[in-house]
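Hints are included, so try docking the two chains, each in its own frame, into the full complex.
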Amino acid sequence: MIRDISIGRYFPAKSFVHAMDARAKLLLTLAMIVVTFLCKNLYSLAALCAFTILVYLSSRLKPLLILKSLKPLLPLLILTVIMQVIFTKTGTPVLTVGKFSVYDDALIMSLFVCVRILVLIVVSSLLTYTTSPTRLTDAIERLLSPLKHLKIDVGTFAMMMTIALRFIPTLIDEIDRLTSAQKARGADFESGNLIQRVKSLFPIFIPLFVSAIQRASELADAMICRCYTGEGRTSYRVMKFGWRDAVALLAVAVFTGGVITLNVLFAPLL
Amino acid sequence: MKNEVLRFDNVTFCYDTERPEHTAVRDLSFSLYEGEFTCILGHNGSGKSTVAKLCNALLLPTSGTVTAYGLDTAVEANENEIRRNVGMVFQNPDNQLVATIVEDDVAFGPENLGLPREEIAARVDEALRLVGMTEFRKHEPHRLSGGQKQRVAIAGALAMQTRCLVLDEPTAMLDPQGRQEVMEALFKLKRELGITVVLVTHFMSEAVAADRVLVMNDGKLCMDGTPREVFAHSEELSAIGLAVPKPLEIARTLRQNGIPIDDVLTADELAQAFYNAFT
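Protein sequence lines correspond, in order, to chains A and B. For the first sequence, the working numbering gives the first residue as 1, with consecutive numbering after it. For the second sequence, the working numbering gives the first residue as 1001, with consecutive numbering after it.
So that you can see chain B by itself, here it is in the shape it has in the complex (with noise of 0.2 Å):
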């Protein structure tokens, strides 16, 4: 039996009660599992970074409710256990570092949450060795790289020991170097330490490697399943104005041409089909 992590149970969620239209979130449930690498796709104002903020009493529900770890996200005294596991990542880079010192920043959730100093040293050390930035610990956070920032950011939440990471298109802003940075680093944070991976985005190559996909669209979920299942289908991803990541696409043009090619999700795995079909 897998451990439930986050629960969503017909969560709707209105920016203004007032104005209905204002609704990013109608009727959401679904439940996310312990140690899991689940990707949220949609296009923008699909609803995706509601769902990130709702995870960790950023937000709370309008109506449903949110369970996190088995806590209700509207129970105001649960605040602080829920965002001690639940940590969060967001896009700008710029934004989310509070110190002038890369080691300080990473310092800042375990200082808040009233550790003795050597627990602190000894946890900043093994964040910023876990997303290799520990020769970084002494530089300034605002000549580091993108790529680098967000690693930081990460290192941030790995110090409150935080067993669920939810990051808001945490590569949206970074070049293609950086957006590789961030992802080896939040496989590998699933990897050794189990951590429980919600990553939004609309990069479909970022979902490739994922174990699940959800994808959004207009506040409703309206497809679920491992990247294979969900990129199976082309024309509704295409009518939600999200495309199929390119190596699938290419295998299917090919295909229609004749060339005898199974779907593909990555480009390792086109080059294979590719060797294969011609040998």
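In isolation and in its complexed conformation, chain A is listed as follows (with noise of 0.2 Å):
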């Protein structure tokens, strides 16, 4: 059940976007997001389709992976169009049913939103699947060490992440583990109202509760024992940016320029 969530994962694969620099792609990815809300026609709604789409192509993965992730999604979406029809009571009605009318602003809205909305989910996904957790966690650490100025311990918060990402699959499998042993002992999680499914959760999660601070506290005699004071580290790991970030870091300026001229060229609809 919790294996089956595809957000949040890595794919590794060889492609330009898996080998680019995990901190130019953070920074394009924010970038992306931005950008998502500078569209103001349709024109430029067009082009940040097309620009996500190519994107997600160049990543190499199966088109079926990314409509899998945003399936989900497809309630809220569907709650965000009936939203709009209800409420958005401006322009010219184009349908008009007894006393209820449908506006063109509402369909245009409920067409920003939801493209906004999923191109969100693409661009992010996208990073999380070409960026392995390790490197990701370096990247943020990597843009965050100004912050060391200010006295903040970007090393120790980096180094929480780490150990987080280490140990979800562990917990997982000590989760199925659990649920394993108290369905054999007759535990029922499928059946009754919402409460006592809860309630029925209980006797994992507990269990599951006291070995993650035993595990956690054997973890800590372990990292004392190999030097570990949180201070005075340095990395294994280095961090390049190289010909694929420049070229990644040109497209998408030239991509934003292009969103601006857009939006000079064309009349806004919003």
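Derived from the structure by calculation, the hints contain no laboratory data. If you're wondering where the values come from, they're calculated on a predicted model, not measured in any experiment. No residue lacks a Cβ here, since even glycine has one placed at the ideal position from N, Cα and C. There could be a bad hint or two in this list.
What the hints assert, rightly or not - Covered by chain A, per the in silico footprint, the following chain B stretches (three or more residues, Cβ under 8 Å): (1) 1101-1107; (2) 1114-1121; (3) 1154-1165.
Encoded structure:
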């Protein structure tokens, strides 16, 4: 059940996007999120969709993968459209049923909101799909390193993230084991009302917490044995901006320029 | 003259000083020497794991002193130096790996020492080679077998250029194959690098090939000698809940039944003795 979630997972492959520097990917992802909100008319919106699809294809990941992770969004998108149709009362009516009319502004707003949500998810999924958690943690650590001057301990923060990532699979295995063990003793997780179901999870989560605390204590011993003090660490992994990052940076810059130009050339719809 | 690596002088350790019944180690004195493979045997609660943790200042003696490479573990300024020289591997392989990639985990120790990148890379390569895990360097630890994870943990200690390796029941959670992998790696390190190995275990079969065996019971040292010497006392061993290795037991049973076989410790020796007895 937990294993099926693809959001936030990493899918190793050899591609342009995979080979990029994690810092560049992180910054460009943030840039793309901003650009998503710059689109003011249908032309720039179309350009946004085209660019996003192009970037996704250059990652050589299967289109089915992203469609799967977008599927859970469907109810949210439908809800957005319904809300727009009910509450937006400007523009010209395009469809009238009795006293109720659907206005064209509502449809345009729906389109913009849906496309923006989809692009946001695709772009941020693409970041985690193509970047190993270790690299991502490194990138965050390096990008936040100026905060050291404000006496914020970025290194410890990054170490906490690394350990959390390291223990996710271990704890998922543990949940599987505990679930089987409780089922073998006759526990029932699938029937009853909501409160009963939540209650039935206690016999899994209490042992899980106990063992997580034991693991933490053993891990702390192991880290102490390897001279961890949180200070004066050096880093084994190197991060280097390469030609790919320059190309990607250029592409996003040109694209942003294009979006702004389209906004100026054609009348904004919003 | 053999170089002393670890020295316990009248060491007592109590987990809760207000309750003396929680005393894990009582008045323990012994020395371990450079390049030796020592096994510390004992059943559960004999204090053997506490001894392991006393070796590199994870625990400090309630009374008495522990000295590692001439440094008193109770002096805080010595801690880093001691931990660099005395590496430790624990029982549960899942709870001692820090990073999400094998090579990053091995690099964790050298990173903590603040070494330059090239030096770290060289040490990681060497440590992974020594434990035979080079081809798994890019793997995620949770996809490895128990034996492989323990070898990564050993590599993590080696990358600190540790001279003495203390292992607290490293094979207790492994299948027989994993157990063999770890034991082979340890003997290779002793042979090739002259690393001092202290193996805390309750598997008699692992003690057979050691240079020296210490047997603990109720926080005290009750036997000290070569495996042959220690296992000669089978009655005393069974009195404290330990059994002699299977091949030895078989040899003795055969002898009681009139087949002239000397004491043996391994299956190979038993086969040879059996062959000799009938030819």
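Verification of the supplied hints:
1. 1101-1107: holds (count 4)
2. 1114-1121: holds (count 6)
3. 1154-1165: holds (count 3)
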